[in-house]
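Fit chains B, C and D to the supplied structure of chain A, relying on the hints for placement.
There are 4 protein chains.
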Amino acid sequence: ANKARLLVKCPDKPGIVSVLSTFLFKYQANIIESSQYSSDPEEGTFFIRIEFYSENLQQKSPLMEQEFIQIANEYEMNYQFYYLNRRQRSAIFVSKELHCLLELLWEWQNGDLETDIVAVISNHEDARPIVESYGIPFYYLPANKNIRQEVEAKQITLMEQYQVDLLILARYMQILTPDFVNYFENRIINIHHSFLPAFIGANPYDRAYKRGVKLIGATSHYVTNDLDEGPIIEQDVERVDHRDDVATLKKIGRKIERRVLTKAVKWHLQNRIIVVNNKTIVFH
Amino acid sequence: ANKARLLVKCPDKPGIVSVLSTFLFKYQANIIESSQYSSDPEEGTFFIRIEFYSENLQQKSPLMEQEFIQIANEYEMNYQFYYLNRRQRSAIFVSKELHCLLELLWEWQNGDLETDIVAVISNHEDARPIVESYGIPFYYLPANKNIRQEVEAKQITLMEQYQVDLLILARYMQILTPDFVNYFENRIINIHHSFLPAFIGANPYDRAYKRGVKLIGATSHYVTNDLDEGPIIEQDVERVDHRDDVATLKKIGRKIERRVLTKAVKWHLQNRIIVVNNKTIVFH
Amino acid sequence: ANKARLLVKCPDKPGIVSVLSTFLFKYQANIIESSQYSSDPEEGTFFIRIEFYSENLQQKSPLMEQEFIQIANEYEMNYQFYYLNRRQRSAIFVSKELHCLLELLWEWQNGDLETDIVAVISNHEDARPIVESYGIPFYYLPANKNIRQEVEAKQITLMEQYQVDLLILARYMQILTPDFVNYFENRIINIHHSFLPAFIGANPYDRAYKRGVKLIGATSHYVTNDLDEGPIIEQDVERVDHRDDVATLKKIGRKIERRVLTKAVKWHLQNRIIVVNNKTIVFH
Amino acid sequence: ANKARLLVKCPDKPGIVSVLSTFLFKYQANIIESSQYSSDPEEGTFFIRIEFYSENLQQKSPLMEQEFIQIANEYEMNYQFYYLNRRQRSAIFVSKELHCLLELLWEWQNGDLETDIVAVISNHEDARPIVESYGIPFYYLPANKNIRQEVEAKQITLMEQYQVDLLILARYMQILTPDFVNYFENRIINIHHSFLPAFIGANPYDRAYKRGVKLIGATSHYVTNDLDEGPIIEQDVERVDHRDDVATLKKIGRKIERRVLTKAVKWHLQNRIIVVNNKTIVFH
Numbered sequence: 062a063n064k065a066r067l068l069v070k071c072p073d074k075p076g077i078v079s080v081l082s083t084f085l086f087k088y089q090a091n092i093i094e095s096s097q098y099s100s101d102p103e104e105g106t107f108f109i110r111i112e113f114y115s116e117n118l119q120q121k122s123p124l125m126e127q128e129f130i131q132i133a134n135e136y137e138m139n140y141q142f143y144y145l146n147r148r149q150r151s152a153i154f155v156s157k158e159l160h161c162l163l164e165l166l167w168e169w170q171n172g173d174l175e176t177d178i179v180a181v182i183s184n185h186e187d188a189r190p191i192v193e194s195y196g197i198p199f200y201y202l203p204a205n206k207n208i209r210q211e212v213e214a215k216q217i218t219l220m221e222q223y224q225v226d227l228l229i230l231a232r233y234m235q236i237l238t239p240d241f242v243n244y245f246e247n248r249i250i251n252i253h254h255s256f257l258p259a260f261i262g263a264n265p266y267d268r269a270y271k272r273g274v275k276l277i278g279a280t281s282h283y284v285t286n287d288l289d290e291g292p293i294i295e296q297d298v299e300r301v302d303h304r305d306d307v308a309t310l311k312k313i314g315r316k317i318e319r320r321v322l323t324k325a326v327k328w329h330l331q332n333r334i335i336v337v338n339n340k341t342i343v344f345h
Numbered sequence: 062a063n064k065a066r067l068l069v070k071c072p073d074k075p076g077i078v079s080v081l082s083t084f085l086f087k088y089q090a091n092i093i094e095s096s097q098y099s100s101d102p103e104e105g106t107f108f109i110r111i112e113f114y115s116e117n118l119q120q121k122s123p124l125m126e127q128e129f130i131q132i133a134n135e136y137e138m139n140y141q142f143y144y145l146n147r148r149q150r151s152a153i154f155v156s157k158e159l160h161c162l163l164e165l166l167w168e169w170q171n172g173d174l175e176t177d178i179v180a181v182i183s184n185h186e187d188a189r190p191i192v193e194s195y196g197i198p199f200y201y202l203p204a205n206k207n208i209r210q211e212v213e214a215k216q217i218t219l220m221e222q223y224q225v226d227l228l229i230l231a232r233y234m235q236i237l238t239p240d241f242v243n244y245f246e247n248r249i250i251n252i253h254h255s256f257l258p259a260f261i262g263a264n265p266y267d268r269a270y271k272r273g274v275k276l277i278g279a280t281s282h283y284v285t286n287d288l289d290e291g292p293i294i295e296q297d298v299e300r301v302d303h304r305d306d307v308a309t310l311k312k313i314g315r316k317i318e319r320r321v322l323t324k325a326v327k328w329h330l331q332n333r334i335i336v337v338n339n340k341t342i343v344f345h
Numbered sequence: 062a063n064k065a066r067l068l069v070k071c072p073d074k075p076g077i078v079s080v081l082s083t084f085l086f087k088y089q090a091n092i093i094e095s096s097q098y099s100s101d102p103e104e105g106t107f108f109i110r111i112e113f114y115s116e117n118l119q120q121k122s123p124l125m126e127q128e129f130i131q132i133a134n135e136y137e138m139n140y141q142f143y144y145l146n147r148r149q150r151s152a153i154f155v156s157k158e159l160h161c162l163l164e165l166l167w168e169w170q171n172g173d174l175e176t177d178i179v180a181v182i183s184n185h186e187d188a189r190p191i192v193e194s195y196g197i198p199f200y201y202l203p204a205n206k207n208i209r210q211e212v213e214a215k216q217i218t219l220m221e222q223y224q225v226d227l228l229i230l231a232r233y234m235q236i237l238t239p240d241f242v243n244y245f246e247n248r249i250i251n252i253h254h255s256f257l258p259a260f261i262g263a264n265p266y267d268r269a270y271k272r273g274v275k276l277i278g279a280t281s282h283y284v285t286n287d288l289d290e291g292p293i294i295e296q297d298v299e300r301v302d303h304r305d306d307v308a309t310l311k312k313i314g315r316k317i318e319r320r321v322l323t324k325a326v327k328w329h330l331q332n333r334i335i336v337v338n339n340k341t342i343v344f345h
Numbered sequence: 062a063n064k065a066r067l068l069v070k071c072p073d074k075p076g077i078v079s080v081l082s083t084f085l086f087k088y089q090a091n092i093i094e095s096s097q098y099s100s101d102p103e104e105g106t107f108f109i110r111i112e113f114y115s116e117n118l119q120q121k122s123p124l125m126e127q128e129f130i131q132i133a134n135e136y137e138m139n140y141q142f143y144y145l146n147r148r149q150r151s152a153i154f155v156s157k158e159l160h161c162l163l164e165l166l167w168e169w170q171n172g173d174l175e176t177d178i179v180a181v182i183s184n185h186e187d188a189r190p191i192v193e194s195y196g197i198p199f200y201y202l203p204a205n206k207n208i209r210q211e212v213e214a215k216q217i218t219l220m221e222q223y224q225v226d227l228l229i230l231a232r233y234m235q236i237l238t239p240d241f242v243n244y245f246e247n248r249i250i251n252i253h254h255s256f257l258p259a260f261i262g263a264n265p266y267d268r269a270y271k272r273g274v275k276l277i278g279a280t281s282h283y284v285t286n287d288l289d290e291g292p293i294i295e296q297d298v299e300r301v302d303h304r305d306d307v308a309t310l311k312k313i314g315r316k317i318e319r320r321v322l323t324k325a326v327k328w329h330l331q332n333r334i335i336v337v338n339n340k341t342i343v344f345h
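Chains as they are written, first to last, in this note's numbering: chain A, 62 to 345; chain B, 62 to 345; chain C, 62 to 345; chain D, 62 to 345.
These aren't lab readings, by the way, just hints derived from the structure by calculation. Incorrect hints may have been included.
Pairs count within a copy or across copies, as identical chains cannot be separated in the list.
[Said to hold, decoys possible] Calculated cross-link-like contacts (lysine to aspartate or glutamate; reagent style DMTMM-like; alpha-carbon spacing at most 20 Å):
#, residue 1, residue 2
1, K311, E164
2, K87, E135
3, K327, D305
4, K157, D297
5, K312, D173
6, K311, D101
7, K312, E211
8, K327, D306
9, K121, E221
10, K271, D101
11, K324, E299
12, K70, E94
13, K70, E104
14, K157, E186
15, K64, E104
16, K206, D289
17, K64, E103
18, K316, E168
19, K340, D305
20, K311, E175
21, K312, D267
22, K74, D187
23, K316, E103
24, K87, E126
25, K70, D305
26, K215, E186
One chain only, chain A, in its complex shape (with noise of 0.2 Å):
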């Protein structure tokens, strides 16, 4: 309850880590975790993501972040205080794959992810039971192309009405408009059945099993309006060969799918990734 991460964006240049230290010090900070990364050294831009604990750190913050606020314009920071007593709310979407869904809310049920899950939403009622055995509210909002507009409405009443910080799409098989993407701007992890930037699109496992690969793949990132081509966050692969049909490709696929995805929210669930030119840092 004590803790906090600060993350930092700023030109690089000497003294940033001192005097964030020193800042923290002062207000008897233990630093429990320090990545730090530039992309040159000199001219370049400076990121850090700093984990600490204090004592009565509630009661402090406000002043803290009040006196921050000359550092930050000094060293002309981007930055963002993240204090983990306030746990981070997460909807899911999901649609008739229920793979991804069930390994998130097994991690959660595990208290492997820190976020409450205050809402999964379906075009489809298969998730209905076992969301509904969690204990966690399920909308049925059936989806497509020609009511797109009416539903993302409905859809962000839902998550202003839930405070969501973060919108998983586990499987969730439409398409967002601008509009609501930009709404949450990187604050939506999408699970993409393939290994980026191969296979952009539909049918990703036709396609591999059509052009003969050798490992099949599946990329997480965050949800932008260039369809599958947002800032990667994880990926991963299986071997195959040429016994695997498409049905046995989608099932090994599932299993990079649920473990691809887990990864990316846990991550962004403990503030390790900066977005940048659309490109992710993620500090491990």
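Frame of chain A, contents of chains B, C and D only:
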């Protein structure tokens, strides 16, 4: 020396394995290894690779091959006998990057490639010392767009002179003309420095860096006249992260390239690969 | 329904494949998949697994099996026919950790395990809700050292009542007596939470942490009366580092355990495994 | 040339990062890379590796080191500055198997190892031609149990003469005496041809074959006086199956050994490794 391999492709129907194994038994052959695949047990295509041993095989083989014609006709077989006492002859084309060449030479020296490496041809002089230290003839043939046909004519002359069965492009950075490719159909193995079909064409590591992928790969394939679209033999990947610049990706990539190319060459020489519909069946 | 598998073990000599395939052809069988292995083509032991299809197999099989005896005698074969219309029956033993059980149930529900899961038995009540939600009978049988024989008697009664073919220990934390193990020879699959033979016995993750290994693993094996020394079916590993404490190793390990156990169970049910000299041949 | 690395180990408490980074800032150092680890934020041990750049570092360093003593005392630090303009000096011991040596030479020639390889010593003549072709002095020192101390005396003389910082055992098949090991504490890296702690001692591939493992591995570690029990730096594995005999396991193993040893050496030379409690912290 008394070992051979029989590769067969034919319409699938009951009795093929029976007729083949009974035929081989008649010639006192012991089947050492046998792998088969059917695209569909009903009306599909059947493929089989049989490795067998038989005393005095060289004396028996002319009669055996003669008699086999009848079976082949009855079952509409495409087939080929490969005798292990007849070592295949390989040539390697290379440019300035020598890591794949070195790996092949190293495996070959260890006796792990069933081939004689009869010549190395390069459009640069870099590889000469190492190649000649192995006692292998080295040919320097400068190449560029404008003199392509002239150079290929010389290359083909050398290939014929050396009776080359397999041509390995170990990071040879010149494009081959359709005439050249057709001349060596399914006998030219290339290594492409990306996980195909991602990053077809030039500068794949630069593009992988730009896209922010989390794994980079390499692909060995038979060369066809569609650039980087030939039948894939083997692929592999390694994990990378945001800290890896293009130079680092290339270094990591070199390790992938050399193992992926070496595996493909080894399997080809063991007659483990059948090309069908621009895909490969690889019998392990 | 008209599919079967034939597994054979016999002294190697020429003609075995011929006699088997000719026999099957006589029964109009089409060989769908065939894998063989010889420990040594000269005087070794020969193993083969043939999957075949034949119309009206059920009607033919009694005669077929009758007639096969002669071949089996002539070639000194150990053999077994498995008919796919006769589904194998599995029971699962589990304690408090449910991840392996859940993975098995999930694969089973997807139709990816060729078995009926007929009962789950546990020395704890934790698994009851999830098991019963799948409509599978759940038995709570408390167990400890002092009542081991009494409990095993009850377990065997249940196994017999349910006609169990395969017993899966999905993190069942009790030791079985030699009598129990012998009763189910090569039919009990266990998951051990280390990369055997490293960390045999209790608390492997604690010991892996203490030793500072850089990869942790899991091993599925048939249970014998030498603890953790039975024939290994499958193993896998994941990378860890100095930051991972024992709790984290356990979390990572759970993901390895569930995929390693599931693969072993799947292959057993597909009759892909032959045990010989405390090792397994697994025909992929 | 103006780069250095500072490694620090001390009791964890708030303010360490602040004092270190402020100190470096005073010397106009820009922190290029920084990694830290605490065994426990409360009363644990804190470890940090900082790579920094500072103009005219050579001129500043005596004063800098002098002034650092006060901080080190106050925080009870074990620490070491490493200057990149002072290249580390490595020697390699090898026997008859040359694959690890060749990989090291290859990486070194590519500029991927931050070291001068100043000598190769062997108890066989096999490596001489390749070593001398790189212009590296080669010493043939026959060795066996009976003359161990005499040989080690000569080896130590050579090590001193060449001012060796790091000794790499690239498949050197002789045991070293405690005196020798103590002389080079945490400066001898060995490659063991198994996935430790499995198959400690001699003939690991034979024993892996006999046990029927499904993955084989290799382990690089610092040498201590407990055979194969030293701090593990890196491990990796490859998949094998029932068809792989001991000779094949050895071939596959060689590929693992060479990449595992090379990684360990690279990280050591980059001062990424801290040994604590017979385990390694490796800062990536």
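Each hint, compared with the structure:
For the homomeric pair K311 and E164, the shortest alpha-carbon distances inside one copy (16 Å) and between copies (17 Å) are both at most 20 Å. In this assembly of identical chains, K87 and E135 lie within 20 Å of each other by CA distance both inside one copy and across copies; the values are 18 Å within and 18 Å between. In the homo-oligomer, the alpha carbons of K327 and D305 lie at most 20 Å apart only across protomers (16 Å), although the nearest pairing inside one protomer, at 31 Å, exceeds that limit. Taking CA atoms no more than 20 Å apart as the test, K157 paired with D297 passes in neither setting, with 23 Å inside one copy and 31 Å between copies.
Taking CA atoms no more than 20 Å apart as the test, K312 paired with D173 passes between copies only; the shortest distance there is 9 Å, against 25 Å inside one copy. Proximity of K311 to D101 under the C-alpha cut-off of 20 Å is restricted to the inter-copy arrangement: shortest distance 19 Å between copies versus 41 Å within a copy. In this homomeric assembly, K312 and E211 never come within 20 Å of each other (Cα to Cα): the closest approach is 34 Å inside a single copy and 42 Å across copies. Proximity of K327 and D306 under a CA criterion of 20 Å is satisfied inter-copy only: 18 Å between copies versus 32 Å inside one chain copy.
With identical chains, the CA atoms of K121 and E221 are never at most 20 Å apart, being 29 Å at best within one copy and 57 Å at best between copies. Proximity of K271 and D101 under a CA criterion of 20 Å is satisfied inter-copy only: 16 Å between copies versus 42 Å inside one chain copy. Taking identical chains as interchangeable, the C-alpha atoms of K324 and E299 lie at most 20 Å apart whether they share a chain (16 Å) or sit on different chains (14 Å). Taking CA atoms no more than 20 Å apart as the test, K70 paired with E94 passes in both settings, with 17 Å inside one copy and 15 Å between copies.
When the C-alpha separation of K70 and E104 is checked against a cutoff of 20 Å, the pair qualifies only within one copy, where the shortest distance is 13 Å, while the shortest distance between copies is 31 Å. Taking identical chains as interchangeable, the C-alpha atoms of K157 and E186 lie at most 20 Å apart only when both belong to the same chain, with a minimum of 8 Å there against 32 Å between chains. For the homomeric pair K64 and E104, the shortest alpha-carbon distance between copies (17 Å) is at most 20 Å, but the shortest distance inside one copy (32 Å) is not. For a Cα distance limit of 20 Å, the shortest separation of K206 from D289 inside one copy, 18 Å, qualifies, whereas the shortest one across copies, 36 Å, does not.
Proximity of K64 and E103 under a CA criterion of 20 Å is satisfied inter-copy only: 14 Å between copies versus 32 Å inside one chain copy. Both within a single protomer and between protomers do K316 and E168 lie at most 20 Å apart by alpha-carbon distance, with minima of 14 Å and 11 Å respectively. For the identical chains of this complex, K340 and D305 are inter-copy neighbours only, at 13 Å across copies versus 33 Å inside a copy, given an alpha-carbon limit of 20 Å. In this assembly of identical chains, K311 and E175 lie within 20 Å of each other by CA distance solely across copies; the values are 18 Å between and 29 Å within a copy.
For the identical chains of this complex, K312 and D267 are intra-copy neighbours only, at 13 Å inside a copy versus 33 Å across copies, given an alpha-carbon limit of 20 Å. In this homomeric assembly, K74 and D187 never come within 20 Å of each other (Cα to Cα): the closest approach is 54 Å inside a single copy and 42 Å across copies. Proximity of K316 to E103 under the C-alpha cut-off of 20 Å is found in neither arrangement, the shortest distances being 43 Å within a copy and 30 Å between copies. With identical chains, the CA atoms of K87 and E126 are at most 20 Å apart within one copy only, with a shortest distance of 13 Å there and 26 Å across copies.
When the C-alpha separation of K70 and D305 is checked against a cutoff of 20 Å, the pair qualifies only between copies, where the shortest distance is 19 Å, while the shortest distance within a copy is 46 Å. In this homomeric assembly, K215 and E186 come within 20 Å of each other (Cα to Cα) only inside a single copy, at 17 Å, whereas the closest approach across copies is 42 Å.
The structure does not agree with the numbered hints 4, 7, 9, 22 and 23 stated previously, though it agrees with the rest.
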